Every structure is written in C-alpha cells, then in structure tokens.
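Q: One-letter residues, chain by chain:
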Amino acid sequence: MRVAATLLCLVASAAQAELAPETLGRSERVARPEPHWTFYLDFQLANFQGRYVLIDGDDVEYLAHLSAGQFPSLAIAPDASEVYVAETTYAYGSRGERHDFVTVYDTTDYAAQDHITLPTGRRALMASRQRMTLLGDPRFLAIYNYRPATSVSLVDLKSRVHLSETPVPGCHLLYATGPRGVSMLCGDGSMLTLRFDEHGVLAGQERGEPFFDPDADPIKTNAARIGQSWYFVSYAGDVYPVDAAGERPVFGEPWALVDHDVEEAGWIRALLSGGKAGPWKPGGMQLAAGHTGRKELYVLMHPTFWSGGLGDHDFPGAEVWVFDVARRERLRVIELRGVGTSLNVSPDAEPLLFVAGVELDTEEQGLEIYDAQSGEFLREMHEYGDAILGFRPFPAAAFAGEQR
Amino acid sequence: MRVAATLLCLVASAAQAELAPETLGRSERVARPEPHWTFYLDFQLANFQGRYVLIDGDDVEYLAHLSAGQFPSLAIAPDASEVYVAETTYAYGSRGERHDFVTVYDTTDYAAQDHITLPTGRRALMASRQRMTLLGDPRFLAIYNYRPATSVSLVDLKSRVHLSETPVPGCHLLYATGPRGVSMLCGDGSMLTLRFDEHGVLAGQERGEPFFDPDADPIKTNAARIGQSWYFVSYAGDVYPVDAAGERPVFGEPWALVDHDVEEAGWIRALLSGGKAGPWKPGGMQLAAGHTGRKELYVLMHPTFWSGGLGDHDFPGAEVWVFDVARRERLRVIELRGVGTSLNVSPDAEPLLFVAGVELDTEEQGLEIYDAQSGEFLREMHEYGDAILGFRPFPAAAFAGEQR
Amino acid sequence: MTSIDRWVDRLSRRVAERTSRRGLLGRLGKLLLGAAALPLLPVARAGAAFPSGRDVPPTTTGNPGDPGNPRSCDYWRYCGIDGFLCSCCGGSASSCPPGAVMSPITWIGTCENPADRKHYIISYNDCCGKQGCNRCFCNRNEREEPEYRPQKNNEIHWCLGTPSTAYTCSVAVVVGTALGEDGAGGAQRNW
Amino acid sequence: MTSIDRWVDRLSRRVAERTSRRGLLGRLGKLLLGAAALPLLPVARAGAAFPSGRDVPPTTTGNPGDPGNPRSCDYWRYCGIDGFLCSCCGGSASSCPPGAVMSPITWIGTCENPADRKHYIISYNDCCGKQGCNRCFCNRNEREEPEYRPQKNNEIHWCLGTPSTAYTCSVAVVVGTALGEDGAGGAQRNW
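First to last, the sequence lines map onto chains A, B, C and D. Position one of the first sequence corresponds to residue 1 (my numbering), numbered consecutively onward. Position one of the second sequence corresponds to residue 1 (my numbering), numbered consecutively onward. Position one of the third sequence corresponds to residue 1 (my numbering), numbered consecutively onward. Position one of the fourth sequence corresponds to residue 1 (my numbering), numbered consecutively onward.
Source of the hints: derived by calculation from the structure; they are not laboratory data. Nothing here was measured: the structure is a model prediction, and the numbers come from that model. Warning: the hint list may mix true and false statements.
To be verified - Taking lysine to aspartate or glutamate pairs in the EDC-like style, the calculated list, with each CA pair at most 16 Å apart, reads:
id, chain 1, residue 1, chain 2, residue 2
1, C, K118, A, E18
2, D, K118, B, E18
3, A, K295, A, E383
4, B, K276, B, E335
5, B, K295, B, D324
All chains should be built: construct the whole structure from the sequences, respecting the hints.
A: This is the structure we're talking about:
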C-alpha cells in the first residue's frame, strides 16, 4: 500500500475522454510498515555490493529499495521510523579512497537523510548479519570491526556521530544484551559482554566461561532472537539458549533438535526414502529464525545423506523444522518446494515464512513465501535481483500496539 | 597464452612425490596481444557499471578484466602498450561526490598505472561507443561531454593531464579525422570538425554542409572504420562513406545495402520463408564493423517482417551481410545461430567474427565466434558476465609488423 | 521439426508469452487485411540476462481510457522506452519509486493510445539516485532517433540535473496530445 | 514420475553434470562397502544466479600428483573454498589474474589429495582490487568453522592488507602437508 494514490485514475473519468497531462517529478512515498513486510539483501556477485529491497509478503509487491556498498548491514529502529545501513565504498569504484559510513533513511521516503562517518578500514566485510545491532536503548548502534584485529564501534544515532571504538581481542560479532550491552562470541566458546552507560561510554566488560565447545561442536553465528533470548544452533543439531535480558547473558541448558541416535540409512532405505532416511542436520546461511509470540524456533534441516556429511553447516535445507522452545519439542515440519539457503518469519500472529529457495530441477534461486502455521506454499517473487543473502524484518516492537 | 608458466607443473616431477609448497602472492602477467584477442564490455544492469573483459577468440580463454564505473569508454594505444578507460563513479556508491576520470592501464599487468582527472559532471553517460577516441596522433585522447550542453575534452596522455574543453553546440560524438582532428555529427545532418595542433591546442573548426537527411533517413552513430574512412549505415539501409584521411572529412556517394524495391511479402510467402521474405534492414547496437585489409563491411540485418518495421534500427540481426566497400556489392551472408545485437571483426588476415548473440529458444545471451570468411560457427564463451554491450578489438596497427 | 515449424513455434511461443494481442495470427491477419503496421514486439528485445517482467504480477491504471498493464513492456506508453519500468519498482508509469528523484531533463516520444487512437506526447524521464531496480527491463525503440537528435534518443543516460546520475528506473508521463498523426508533425515514421 | 523417481533423476542429473566420480552410484556403493565418507557435492551449492563454471573449458595442472580440473569446483584443493575460481579468470589455482593483488592475510583449510591420499594445508587467498570475475562460483565448506574461529572461516572477506577490498576471485595455494589425518591435529571432522 502506498500513500500516494495513482494519478492515472483521476485524469480521465469517461472512457473516451482524452488523457490529461500528468504531473512530472513525482516520487512515491511509503505507508507505515506492516508486519508482513520484509527487507531482503540482494547481493551483486560482480562487485559484492548489495541492495536492500522492501517487499510486501502478502502480494510480493516491490515497495522500495536502498542502495548499499560492499557487504552492507541493516538495522531498523524499534518504532520503524528509521533504517540504518552500514556500507563501504571506494571513491573510484574498485580503488581510491575507502569510505565506511552509516546511511540513515526515513521510512516514509527512503531517501538518504544522514551520513555518519565510521573509522575507515575497520568495518568487517563478511556475510554474517551479526555485524551490526541496535542496543536495547535504540539511541546506540554497535558495529563490529575486523581488520583482522577485532573491535566494536559505537554510534550515537541522536547526535549522528561515531562515539568510540573498543578493542575486543579474540571475540567476534554482536548480540544485543540487556539495556545497553552487546555480547560477542570468542574463540574458546565463551562470550564477552560490553556494557555502555546512558551516554554511550563503556561502563564495563566481562568475559564468562565457555558455554559450548567449539572443537567438539561449534555453534552457528546466525542466532534466532525469541523474546529476550538468543537461540544458537550447533553444527550437530543442538540448541544453546542464551537469556540476554539482563546485564550479562545467562546460559540455559542445551537441548537437541535431532535424535542423535539415528543411524545412517542403508542404501535400500536411502533410495526408497529419496535420501531422507538416516540422520538430519541443520544447515544454511540464515538458517534459524524465531517467533516471539508463539515461542517458536524455525530451522532449515537436510538429510546428511544428501550432503555426504560434508559442509553440513552451510548445506541448504529441504525442510523447515519448527520447535516450541518452551517445551523443547518439534511442533511440525514444513516441506520446501526445493531447498532453502535462508529463512525468516514475520513477527505477527499470522506469520509468513520467507525462504530464499533453490529449485532443484532448474537450480534457479527464488524468493518463496509459505504460511508459517500450515506450511502451505503461498506465492513467490520473480525478478528479485541477483542473489538473496537473507531477510531483515521490521522489529516486532513496531507493531506492538496493533497486535492482538 | 600467459607469460608466467603455471608453477604447478614444476613442483612435482614424479607422480607420487609429495606436492611442494607453492609461492604465495603471485599475479599473472599477459603476453603481447594477438589479433584474435578482444575486449568486450560486460555491463551490469543493477548499477549501470561495466567491466572490460579481455579474451582470446581462438580458445575463449579469459585473460584479464578491468573494472570500470558508469557507462565506461575504452581506447587502446596503436602500439597496444596502454589501454585507457574513462569512468564515472560516486564516492558513496550511488551518491556523494562525483568523479570523472581516465584510468591508464599497462597491457602487461593490467593494473591501474595512472589516473587522469576530468572536469566533473561533464562526461557523457550513454551507450554509444563513439564517446571517446584517440586522435591520429595517439598522444591525445578526445572525450565527448553531454550535460546536456555538448563539448569535447582533450587529454594529453604524455603529461597525463586534461588540457581543454571546447563547446560544440548541437554536435555530438567523436570520429577521429586526419592527423589531430575529430569530426562530430550535428542535428542537421552535417559534421563539425575540430583540429588540434601538436600541443593539443585548438587550431581550427569548421562545419560542413549536411551529408545526409536526418528527417528522411537518419544514420546510425556506430560507424565502421575501414582504412581512413568511416562507413555509416542508415536506418533504411544505405551506406554513407566518409573519408577521414585529411584535415576535413570528404563525403562519398551513398550506396544501398538492400534492394529498396523489395515489396513486403504476402502471408503465404512470409510463412514459407520463416518470415524472411520481404525487405530486410540493418539493426542492432554495435551493428557495423569493418575489415581494413579486405575492405569488408559487416552489418547485422533482419527481415522487417520480424520486427513489424518498428524500432528496426535497434532490432537484432538474424544474419550478417558482408559487403565489399570498393565494389559496393554484397559478398556473402553469415547466418547466425540466433540473433545478434552487436558484432565485431578481428583485424587480421584470418579474421574472427565476434557476435553478442541471443538464442531464440532460451532467450539466453551469449558470446559467439564465427569464422568471418566461411561464416562457420566456431565456438562460444560461457559465463561472460551480465550483458555484453559491445566489443573493442586491439587496433590493426598493433599487428602491422606481424601481418603478411 | 523443420526449420519453418521451428520458426513458427519459436515466434508463437515468444509472442504468446509476451502478449495475447500481437501474435503471429494478428501479424498474418494484418497482412491479409492490408491494415497499417500493428507493432509486433521485437524478437529478443532483451536477452535472458535482462529481467523481462514476464512473471511480475500485473497492474492496471483503472482507467478504460488508459488501457493495458503498466508493468508490461507492451503498455502503449512505452513505445519508445529503454530501461526498467518504475511501475515494477515501487513507482508507477508516471512516478518514481520512494527515494528516487525524477530527472527534469528528458526525451520525448509519441505513442498511440489504443483506447482513443490518439497520439500522445510521452515524456520519458529517468528516476535517479539509487541503484537499478533490475526488474521489468523494456527496450522499445519505436520512432527513436540517434544521439545527434538527443531529444528523441533513449540511449542517453537521462539522469541529468539530479544530485546523482545513478540510474534507478524509467517512467512514461503523458504531457499532451500530438498534432496530427505524428507528434513531430511529419509523416508517420516506423523507426 | 513418482517422487522417488524424481529425486533419483534430479540427483543423478545434478551429479552427472558436476562430476563423474562422485555420483549416486558411488554414494550408494560407498554405503554398500561401508567405506569412509566420499564427499557428495552439496545439492544446489549455488543457485542458478551463481555462475557454476559448468561450461567453462577445463584445464589441468599437467602433474599426475595434482590431479583434476582446477576450473572445477570438484578440484581437490577447493574443499573449503567460497568464491570465484581465479583459474577461470586469467589466474590459476595458485595465482591471481593480471592486475589483481593477493591478500597476504588469509584462512587455512585442509584437503586430501586423491593422488597420494595425503592431507595438505591449503591457504585460501582472495585476489583483490578489481571487480568480481563472476565465473566459476564455488562454495564448498568442508571443515570450515564459524567467524569466531576466523582462521578457519570462509565467510570473511579476506581482502585485508591490500590497497582495495574489492573482491576479484580466490586461489587455493598448497603451503604444506598436514600432520596426521587432519591438519588441525584433532579428529577427522566432516563439517
């Protein structure tokens, strides 16, 4: 739904009336976001730059897009008033002076409103979406730097300036924790948590004990946020819940997404099952997503017979398994049309499941939309761009007043 | 053929010997160009930027590529020692400060050697390849500006500086003429010719009488260069030869590529001929190319039954018609596998015909190579990039010493 | 298949995919009836590398006097267009997508509205300042003239007079009716 | 076709397209023989949007001790790679294309050479400073670890320490043999 009505309807009321001249210079505006809207990252292989495209999942309408530089990151204000895109560009395309910056967009016209300069050459260029996050206090935006020494940049969105850069040796990526904190994953399986005060000054940092064993079974960095908790999925198929409501993370008991006792299928059973007999594992890029209202965790899963067990953690999913994170049990299985590399779930009471899918016969990538409850395939989007690298929904908080 | 031999061959002489560690940090170098090499412009639709890719037409080997900004232009030194790319970029990707410049590449390593700043905001952004040319004296590079007032920038490649900008109201594009001149096409069908002295200072300009009627039958701007003459093809299928050897262009008598008396075919004849009965017309983007040694003109042609007569000047060709420009007669017809949007011919004695083709069944674009003499389809290149916007060969002069 | 069969198959498949009205039968019918040029869409007006908009959900203007699908390359106003259709990109046939800026400098074409058979002057404006929308690529060149007649040319990047020349998509705005049969006041040209 | 037929058809078609050695029969044969994991290529390791290198002319190292086609995603050294293969782009499996600069900072993987069954330490270096080559995209992730173990991760853009972080393509350079079965010195991991 767009704010501006199409003028075409107005220019000629009678069928045979001559069309009146139209106004030149108009640009559309965008209505207040709805829960079924989502951004996706369209990544251009030729230059590793991206675009964020905003669509309405109910009718796959293309609403707007934002240009972005190399490996961009996107964050959305909880009230959905603004969108922040961190970008990296070069003055002369592939060479010349490097620029790292955050572009601020208003969500009514999606034109660049502000430009916040970041320390040049630090911003991490990688695929993970955990490289930027708003803090619990959305005045502050945290950005992960990798060069390859690691650090965290803090941006004050009120004054539109970069405030500080804090070194975090050996720790990586960002998970919002508590009122003004971020936790990071360290190489030994522990978390480092930085806390900032109400002015954005570093107030403290602490590093806990390892909560998983990265040698035995690493966790994927793409965590699902459900309420105040993060849910990390491990390579082998366990879930590590982390309560991030307070000033420091509280690590829950891991539980299993899969039956670890399933044995590899013999060839007759493998053949008869279409390769689906035997153990399954989680895999994909944006492989896990959460729904706070329903306390549901969605995970892309595939049979290890398909992958031969190799590279499973990135292998695309044939099904989406849906778990109740309170009862720690599988609720249902959504079979995909092909396989999926990334997924996301809308935050409302009648959620849509967005999947970056690959059709097995044609190997065409596509943007598929399913009913997250029934698992029914609803529709797909054509001509989405080059390659979908993941989804970025509006925060559930933006619709809090509208929800039942 | 590359200069550096692959180290892999050397590291293990016996089959079962352990592989020795290899050298890190190596980049390939490129041998002296061969006549069957060509650049093509790979144009990225998502951002209207381009890449120039260098391939060997004999085995469709990918030799190197050059990054380029919005609507780039390329010129090659007559001795093939350097390549010049005119580009336009923005500091922040799609916004920020605009930069217009020429990047100079050495043809042994294809790394950016020099950067020549152009007056910002003037360089013409359009598809035509006649926006930049070396003068007869290759010390000078002329660049066409459109904003939309038109002008010509002159660059001194010896001192690597932009020398001057000359306004040329109502005249467009660039055709090298004489020792240090450029001619331009003006809206009334005449040519304006600028002459520069040996220091690159404007020495004179003169505008001739119209040599074609742009209202009755416009000429396409993509002219073929054969020897010291330009050959322009008109919408209706006539050829306008322009001798550019001297200080001012000399206009030859136009002659017809097609029989203007052919009548539109009736439907039975149209159906029986596969739509090929009836009149044909030239059409395409880079629709004409010339071979100096053989005095041959190659033109993309299609039956107007296919196009319905509309947009013929850009309609892709089903055949390449080859003409002897001395005798003004058609020598042969090369049937394409699908249709072609652009073509070029290598400058040697056994020329290759390069075609940016579209396969009719799949609508896939492709880079096809034919024997320009026999018309035989030889090979095609896969994974060429996004979209081929035309070809840029090395100048025939680069191989003068090697030719029979 | 014989080569004729193949050609008929190709052509009818292509035409069927693109439009129902302008098919092979229409073209042959036209020849039978001797009617004036019914535009047959250019074969392979865009390669597969170019997103054609074929599967993009259609829309309408809601005005019977302005018939057709503004997300289709066949829509009458697009007779001289070359670019992504803004109507597939968050804009419409006459307005830019959010955040993109319409270039004030442009080129002009003349298209016939099938509803009233009148010729309208169409302003083809580029919307600028964001990356390309990369949907519904449409390159029709009817009555287009070369770059030395810039006001009639669509190969110029018309993002002029905008803060950035980054090209986003193109619109086709009705700015008036043409005098007589042809907007240029001259004879009918089927370029 | 039944769904099983379809699956077998899909899988065998895919496998046949990609490799002759690692087909369904090999995989089933492996199960029959109880042999250790023969890597089956990931289904749809790349979408159609990604150029797979399938039709790029092959090459060889000329060394029987280093078997395979360095322009194929199947080549043994590429077990942990993620990117365009420089060998399709004017470079080779161990050298950058002309004008691109090899990043001195990199990540390390371990791959088994089928010629001598030894495990080699492979340095995956990105070549930088030019636009992407956009050919032979290959994303294998065997034994890759997450970003918090950066020296074992391939989702980091490794153009670090180069004048420009523009990504061109990736090489896989032999830097030594691994101790024991696994370069990390631990148990065999089929991640």
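Q: Flag every earlier hint the structure violates by its number, smallest first.
A: Of the numbered hints, just 3 does not hold.
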